Each structure stands twice: as structure tokens, then as C-alpha cells.
Amino acid sequence: MRFKKKAGNTFFTVLMFILASVATASLYYIIVSGYMSVSKDGVTASQYIKYRDYKGEPFEDTDLFTNELYGAINDITTLCTMRESLDDSDRYNIENMDAYSTVMELSDRYSKGHTNVKYCYQLVDDKGIKVRHSNVGDNITTMSTDEVTKYFTSLGKYICFNPDKVQMATNINDAISIEDILGNFDYNFAEGSRIWIGVDTDYPADDILKLSKETYAGLYNYYFEAIVSFAVSTLLLLAILVILTINAGKVTLIHEDDTQEVIVKSARIDHIPIEILAIVTILTLLLLSIGSEYALDYLINGKLIKYNSITAITLAGIAGFVICAIKIFLYLIYVRKFKCKLMWNTSLCRLVLGKSRQAALDLYDNGSLVVRTWLPYLIFLALNLVLVLLGLTGTLIAFIIDMFVGVWLYNESRVRSKIVDGIDVIAGGDAKHKIDTAGMHGYNLNLAEAVNSIGDGIDKAVSTSMKDERMKADLITNVSHDIKTPLTSIINYVDLLKRANIEDETARGYIDILEQKSLRLKALTNDLVEISKISSGNITLELVNLNMVEMINQVTGEFDERFKEKSLIPILNLPKEDVVIHADGQALYRILENLYINIYKYALRGTRVYIDLATNENKALLTIRNISAEPVNLDSAMLTERFIRGDISRGTEGSGLGLSIAKSLAEAQNGRLDLSLDGDLFKVVVSFDLIV
Amino acid sequence: MTKILVCDDDKEIVDAIEMFLMQENMSAVKAYDGAEAIAKLKEDNEIKLLIMDIMMPGLDGIHACMEIRKFSSLPIIFLSAKSEDVDKILGLNIGADDYVTKPFNALELMARVKSNLRRYTSLGNEVEVKENVYVTGGLVINDDTKEVTVDGENVKLTPIEYNILLLLVKNKGKVFSINQIYESIWEEDAIAADNIVAVHIRHIREKIEINPKEPKYLKVVWGVGYKIEKDN
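First to last, the protein sequences are chains H and V. Using the working numbering, read the first sequence as starting at 3 and increasing by one per residue. Using the working numbering, read the second sequence as starting at 1380 and increasing by one per residue.
Source of the hints: derived by calculation from the structure; they are not laboratory data. One or more of the hints may lead you astray.
[Said to hold, decoys possible] Mimicking DSS-like on lysine-lysine, the simulated pairs with C-alpha atoms at most 25 Å apart in a straight line are:
#1 V:Lys1409 to H:Lys500
#2 H:Lys474 to V:Lys1461
#3 H:Lys535 to V:Lys1461
#4 H:Lys566 to V:Lys1598
#5 V:Lys1553 to H:Lys578
#6 H:Lys500 to V:Lys1592
#7 V:Lys1382 to V:Lys1421
Just so we're clear, the structure is a prediction, and the values are computed from it rather than from any experiment.
Whenever a hint applies, use it, and build me the whole structure from the sequences.
In C-alpha cells:
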């Protein structure tokens, strides 16, 4: 068996990462494209323009320009006015040292070649107009006021300010703000001074304005493309996400016979408990979001890489790649877990719950009596108490728990009654019946198992006893068979002896005795087999509906001669209607025959034999009464025991089993045979169920 | 003298039977196992009947009987200590004509030998089936002459006995209750004295059956009535 990962998966995964990086890069571009941050010589200009505010107007008309310019105006005015109040000697003057260094610094910053901002500060003193400060060049010193004005207005943007008259001329939009700034220096301007500030919009110098302008020019250049790219790659990303979700965990299984089958297989990492996975996921996501915020911040405000450079965008793309990889990795774990049904299976909670449930059940099933009954009960009480003390919510929870306990108690009772039913079935005779112990616990389980094993015991005992009975029956049959062969010879030769003409009276007498005894032996052997068959249930009875009235008439007829021989008078008292019972004709005849033979043998000569057949609600009762010739000195119950005869007298036939056989036969047909003795009165009652 | 083959592994029994046969003017040919019996039969074709034990070493009675039936249809009487109904049924189905259990009554055995011989020899003289002649097995009732013979031998029956027997033979297989027989014969309603019929039946049985306790013809269906079995 080999596994082969679906090739499609890898392709799609890589494609996804690429798309993710594209999307991230696009997103990054979109976020930062309206952002301007330039810095030069320690001066930073950062601005953000919203796309909707961007009209593509000239740089010089934007806030970006004017905001930068305000700074310049402020600086230049400070420079000019402060310089006025200082001279070289202040360089070493402690009090003015700070001012002096500021002036020097500003002068440097705004010197010609360093900046595109041109300024000129003119003073009118008693000697005439004098250009005091300027970074235009030497030629400006010879220019007149108007010429200066003319020069400055030729620059792209200009401000001409006359502090005395508070007059300003400018082609910058936001004149009011400029006035405000200049107004701050109101008292610093000397009398008759004038200041011109302008920006050479050819930007010959590499200053921050130029940088800003260049950056501005590049603003939102590919904004639309970025949006499209972002949208498309995101959509594709989502599509691939769906594909990956569907394909998650699918591998191709190659069987020995090279047939292939696609199944879902979980990776080893999918078995991580879901709690741990959740924690890891949360931490990862947190880290990633903080990280990316941080990174973005750093990029925009940092100095290492220009934020709007290709490098930065590429970095963003790479970050997107990595983040996507991590997220997809985690995501697919979840997906595979779900597909392979490992969500709950691998949970730690489940493990803990399972183990504690197992432990509790073990305790319940196998613990001592005290543990099993008191422990759960005490816990139950404690739980209720605590919950009730916790107020209404607690009481409600306690109530719900109590309901569950109630249900559980009912269940246990139900199981117990099931056990009792099982016991009834087994007691009723089906020793093979088993109580189903699935899902049983505690004492119920013990009980059910014990009952089942008792049932097993009974079943075994019954089958052993049945086997023994059968063996006994077979033994008797075999032995009697072996007895019959020599017995046959005895009877035959006694018969031959009788036919031989033996004159000796005594000898003839002996021969008679031999004949009697051998015939009795024959009867005994036959009866022995008979009774063993009946008592071991080996006899086949064909139960049919027969008429007792007819039966009795037939049997009485059979014995007519024999009774006459002993002058016995049968008195029959039979109903006119048929008395139908369910019995085997042959067996019933045997019973009656035995009874009649008994009467023939043991009744007193010349007496009456009363034969009564009666019916009550559901039984047919045959009562036969006769007077015994000899006193019967035995209990009536013992008469039906095997081998007992009323009188141990010689010369009588019979084996002594007759009544016993009759009783067994009756019982085998669901009837009864009862004997009773009253002095010399011998009474037999045979009863059978009446068939209506 | 009629030759009867007696086969049993117990020598004493064979000798005793020989004695009984001699007293009936018949002679015995002796064998002590199935194979010997078959051999003797094949040698001597004057043997008219075979008395055979079942439980013998070597070839037992049942298999011997099956073999014999392949070449002879002489009457076979099984003589066996196996007295269960299943054993009797098996024996008779195999092809035996009669079954006597040990220990046996010598008189009964002899009576059966004679009866089976008569039946066998009288096969040649088929009884003419006329209108008023009723036959079942060896029992023949001629209503014209009012004669009853069993295996050729005449039996004397009283008129009532004759009528009862005739009624049952005319309706072979049908069970008649005592009341039905009474009403048919006496043509009165059956009241008291129900024994009469049963007593008569018993007398009939004693006259026509070899062993009244195991009747061949007039059978008792206990609790229902009496019948004469249909021929099979």
C-alpha cells in the first residue's frame, strides 16, 4: 500500500502563496500610495493624501507645498529678522550664542544651492535701499525694489511683503495663513523693511521641496492597477481556498494490485488536541497582526528603506507569502481534522472527561458497598447544597441536575426489572436464556452476570440429568434384551418339560413352579423396559380425542370372562353422552388394563366392582372401587411405588410394576391416577381434562 | 414332512423350536447365522418357511432377509428379543411375513407357522371373488354359505358374532362404535348392556385371531370403536 499526495494540491498551494503575495503587495501599495514621506538633511516631510482628495493638481497648489513652505517662510523670516539684531561680536556672546547658532544654521540651510526657496530682505535706511539678506546671488544687491519684486514674481511661486503697510502680494492660494505667519514677526521687522520669498519652480536645487514634488508626481500612479490586482488575486485566492479545502487530506491510495483509490487521510499533526491548536492559532494570529502593524509603521516612518520603493513592495509581497503560508497551514489542519472527524476525538477535554468517567464507572462497578452507595449520594447532596447556596441560578442548576439523577434512577430501576424478567424466564424453564448485560453498571451488572451464570449452571445440570436418564433408559433396554435370550430358552424348555410325560407328581409340581416363575420373570422384564421408557420420556404418545364411555365398555367387555371366572360383578355407572378426553388410546388401554388386572387378581371373589364415570366442570373422573381379597398392609402411596405389591404371596403373577406403570402413563398424558385404601376398599381415581 | 428352516445364534433356542416343530409333524433345518441360512435355503428348495433371529453375529437377520427376498418369496417369521414397535415395523417392511418377540409362547409360534404356511400354499388357489364373498388377508367370509375361514381353517361363529364380523368386513377401514354396532345388529336403540357388544367382539377375536392380544383382523380403536383393517 503506498500513498501518493494529490499533485494538484501542491500546485494550488504554491499558486495560492503567489497570489497571496501579489494581493499583499497590492494592498500595501494601496495603503501607502497616498503617503508622502521625504527627508533631507535631517528634515522630514510626511504627508498623507486620501485618494478621493487627490485631484492631480500641480504640486505647488497642494497643501503639501504650502505646508512645507510655511516652515520655510517661518525659518527665513526668523533668519532675516534675527540676523538684523546680531553682529559678529555676538558669536562669543553667551547670551546670544543660541540665536547666533540658529542664524548660522538657517543661513546655511537656505543658502543658495541648498534650497529652491529664494528670499530677499530689504531694509531702507538713511543711506537708501539696502539688500541685507538674500540667497539669490550677488546681483540682487544692485536691484531696486521693483526689480526685486519683478524677479520674485518671475519665480513660480512668490510672496512679496511690506511689513510697514502690511501689504502682501502672492500667487500662493492660502494667503491668509501666510499673513498669519508673517504677522508673528510684526515687531521684528525693521522699519521700511521688505521681504520677498519665492520658490524656483524649476527646482534647480535638491531640497526637500524638490523631493516632495517628485514624490507627489509619483503619487497614485498605479492605484487603479493595484486595486484590480488586489481584487483579482483575492478572488482567485478565495477560489483556491475552496479548492484546497475540498482537497484537504485527500491522498491516492495505491493497492497491491495497482488499483488506485482516493481516500482522506489525516497527517500526524492533525492529531494535535484541539485546545492546543486553538491556543497556537490565537497566538499566531495575534503575533501576525501586531507584527504587520509594526512593520507597516516602521516602513512608512523608518529610514532604512524608502517606503514607496520597489524593495518595500517586494518585502510586502514576501510578507504576504509567509503569512499566507502560515495561515493556510493552520487552516488546513482544521479542515483535515474536521474531515477525519478528529475535532472532538483528539480533544484534551474528551480525554480527561473520558478518563474520569471511566474511573467513576470503575469505582461504581467494582468499589466497595460503602463507596458505591454513599459516595455518589454524598456528592449529590454536597452538590445540591453548594448550588442552592449560590442563589437562584444555582438552585435552578441544582434542579436540572436533580432531574437527570431522577432519570438515571429510573433507568437503573428499569434495568433491574429487566433482570427480574430474565430471572422469571430462566425459572420458567428456559435455562439457556441470557440477560443482555450491555450498558449495565454497578450492582445491576453484578446481578445480571450472576443470574446468567446461574442459568448456565441450571442448563448444564438439566442436560447432564437428561443425558443420565437417557443412558439409564438405554442401559435398561440393553440389559433387558440380554436377559430375554436366556429367558426364552428357560420358558421353552419348561414348556417342553411340561409336554414330556413325567409321571412323578412332585416333579410336575416343580415344573409348574418353574413355569410360573419364568413367566413372571418375562412379565417383569417387559414391564421394566416399559416403565423406563415412560419415566425417561421415551415413549411416543399419539393424543387423539376419544370417548371414555366407549373405552370403559370395551375394556369391561375384554375382562368379561375373567371377571366371571372369579364371580366379580362389574357395576357400571356411565353418562349417556360421550365423555371426550385427549389421550393415547393404546396407553389409556394399558392403564385400564392394569387396573382391571389388579382387580381380577386381588379382588375378593363374588364381590361387586363399581365403575363410575363422572364429569365436573373441566375434568373426567373415572372411579373404580373393589374389595380386596387379602388385607392390604401398605400405604396407598406406596402401592404405586415400583416393585411393591399389596401382598407378597407366592403363586401370583405380575411383576409389581403394574400400578406404577399405570400412574406414569396417566401422568405422561397430563392425567392423574390416585389410589386410596379404606380398610379393604380399594379405590382408584383416574382423571383427565375434559375436551368440550 | 414340511421342512422349516430355523436360524438363531443360540443353539438351545434352535433345538427347542425343533422340538416344537416335531410335535406339529414338521422338521427343522438348522442354521446359526444369516449366511448359513441363505446357503441352506439355496441348497434345499423344499424348505417351506423360515424362522429367523435378528440379532446374530456375522450377517444379521435384517440383511439376510433382504438377500433372501431377492431369490425367494417363502414365508419368513422374525423371532427377536427386540420388541419395540419400530423394530417390528422395520422387520415387516423388510419383507418378513410375521414377527414374534422373545420370550415367545411356543403354541403361538406354532400357530403362526401353520397359518403362514397355509396362506402361502393357498396362494395358488385364489379364492374366487364373488359377490357375497368377503376377503381380508386370510379371513374369508362367504355370505352365501355363511362360512368363515381363517387361513383355510373353518371357524364357528354364533349368528350375532357372524353379523358383527360381516358388518365390519363389509365396511373395511370404518370404525364402528359400540352403539353403532348394537343398533345395526339388534336394530334397537342402544341403552344399557353396552358390554354385550364388547364381549362378543372379544369372543370373535379369540376365535379368529392367533393372538387375540395382537389382533390381525379385528382391531380395537380404544375409546372409539372397532374396525377391520383395509387391505394394503
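V:Lys1553 paired with H:Lys578 [C-alpha distance capped at 25 Å]
This hinted pair holds, its Cα atoms lying about 23 Å apart.
Distance restraint between H:Lys474 and V:Lys1461, which requires alpha-carbon spacing of 25 Å or less
holds, 18 Å
Taking only the CA atoms, is the gap from H:Lys500 to V:Lys1592 under or equal to 25 Å?
holds, 24 Å
Between H:Lys566 and V:Lys1598, is the straight-line Cα distance small enough, at 25 Å or below?
holds, 24 Å
Verify the proposed pairing of V:Lys1409 with H:Lys500, using a straight-line Cα cut of 25 Å.
This hinted pair holds, its Cα atoms lying about 24 Å apart.
Take the C-alpha atoms of H:Lys535 and V:Lys1461, compute the straight-line distance between them, and say whether it is at most 25 Å.
holds, 14 Å
Given the hint that V:Lys1382 pairs with V:Lys1421, test it: the Cα-Cα distance must not exceed 25 Å.
holds, 14 Å
Violated hints are absent here; each numbered hint is respected by the structure.
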